[in-house]
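From first to last, the protein sequence lines stand for chains G and S. Letter 82 of the first sequence, counting from 1, is numbered 82 in my numbering, and no numbers are missing. Letter 40 of the second sequence, counting from 1, is numbered 40 in my numbering, and no numbers are missing.
Among the hints, erroneous ones may be present.
Distance condition first, Cα-Cα at most 25 Å in a straight line; then the derived DSS-like pairs of lysine-lysine [what the hints assert, rightly or not]:
#1 G:K45 x S:K14
#2 G:K2 x G:K45
#3 G:K114 x G:K79
#4 S:K57 x S:K71
#5 S:K11 x G:K42
#6 S:K57 x S:K11
#7 G:K45 x G:K114
#8 G:K45 x S:K57
#9 S:K57 x G:K2
#10 G:K42 x G:K79
#11 G:K42 x G:K114
#12 G:K45 x G:K79
Quick look at which bits of chain G chain S covers, simulated, 3 or more residues with Cβ under 8 Å [said to hold, decoys possible]:
#13 44-52
#14 102-112
These are computed hints drawn from the structure, not numbers from a lab. A virtual CB, placed ideally from N, CA and C, is assigned to each residue, including glycine.
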Amino acid sequence: RKEVEQDPGPFNVPEGATVAFNCTYSNSASQSFFWYRQDCRKEPKLLMSVYSSGNEDGRFTAQLNRASQYISLLIRDSKLSDSATYLCVVNTPARGSGNTGKLIFGQGTTLQVKP
Amino acid sequence: DTGVSQDPRHKITKRGQNVTFRCDPISEHNRLYWYRQTLGQGPEFLTYFQNEAQLEKSRLLSDRFSAERPKGSFSTLEIQRTEQGDSAMYLCASSDTGANYGYTFGSGTRLTVV
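Construct the complete structure from the given sequences, taking the supplied hints into account.
What follows is the structure, given as structure tokens:
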């Protein structure tokens with residue numbers, strides 16, 4: 001089982017639509033959660049962190065359910081420029097005090113917003 | 001310092017040759033990470049350093065791969081006796097706070113083994 005699982009899509013939506021992506025993770029000790037955006041043939045860039053209480057950044061809303069080990073990203077009023085791959089990312093803590101370990105990436109979910 | 005720099009951007013090599021990639025992290029960042037990404041997949045962890053110490057290596061990092069960060073600043077990733085399966089984007093990232101706040105990636109080195 002992969003440590004971070006996402007539906008690869010693609011999700012094809014019209015401009016203005018609302019779209020949601022989901023992700024599950026397997027390590028219950030994970031402490032930090034993120035969504036990264038990756039454009040074709042570019043490096044991943046941090047879109048937003050995900051907090052237990054849920055958080056919003058403009059048209060983007062992220063939520064975390066620790067009990068179900070589930071993370072979501074909601075994009076409202078989709079724009080053509082939102083077309084990209086969205087990577088669900090979870091940290092895997094390491095043994096040893098103060099060692100925050102490394103980030104584990106999901107496969108990514110591809111979004112294509114059509115005019 | 002404008003970000004994480006990787007060199008070269010692209011590398012084409014013949015099977016069996018050795019290649020070396022360089023990463024210059026953001027200057028105040030003490031953690032440096034290497035990832036590999038193939039088409040349709042997310043980045044896969046290879047190894048990471050805190051200052052000059054290599055703290056973890058993935059099982060993906062076979063004996064043909066070695067990474068160094070001799071002075072705790074830039075890092076190199078060497079692949080010996082390249083194979084076609086090594087063709088991928090090699091991404092470097094750095095962080096000053098570990099994995100709790102995400103990292104900044106460089107533009108990557110795209111390796112093609114022919």
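Agreement of K114 of chain G and K79 of chain G with the hint, judged by alpha carbon distance not exceeding 25 Å: 8 Å, holds
Holds or violated: K2 of chain G to K45 of chain G, with C-alpha atoms at most 25 Å apart: Distance of about 22 Å is within 25 Å: holds.
Outcome, coverage hint (the segment 102-112 of chain G, chain S; C-beta under 8 Å; three residues): Our answer is that it holds, as 7 residues pass the Cβ test (under 8 Å) against chain S, meeting three.
Satisfaction of hint between K114 of chain G and K45 of chain G, Cα-Cα up to 25 Å: 22 Å, holds
Given hint K79 of chain G paired with K42 of chain G - CA-CA distance at most 25 Å: 19 Å, holds
Pair hint outcome, K11 of chain S versus K42 of chain G [Cα-Cα no greater than 25 Å]: 16 Å, holds
Hinted pair K45 of chain G and K14 of chain S, Cα distance within 25 Å: 31 Å, violated
Distance restraint between K45 of chain G and K79 of chain G, which requires alpha-carbon spacing of 25 Å or less: 18 Å, holds
Hint consistency between K57 of chain S and K11 of chain S [alpha-carbon to alpha-carbon, up to 25 Å]: 23 Å, holds
Pair hint K57 of chain S and K71 of chain S, alpha-carbon separation not exceeding 25 Å: Since the Cα atoms of K57 of chain S and K71 of chain S sit roughly 19 Å apart, the hinted pair holds (cutoff 25 Å).
Pair hint outcome, K45 of chain G versus K57 of chain S [Cα-Cα no greater than 25 Å]: 23 Å, holds
Coverage criterion applied to the segment 44-52 of chain G (partner chain S; beta-carbon cut 8 Å; 3 residues): It holds, with 4 qualifying residues against the three required.
Hint compliance for this structure: hint 1 alone is broken.
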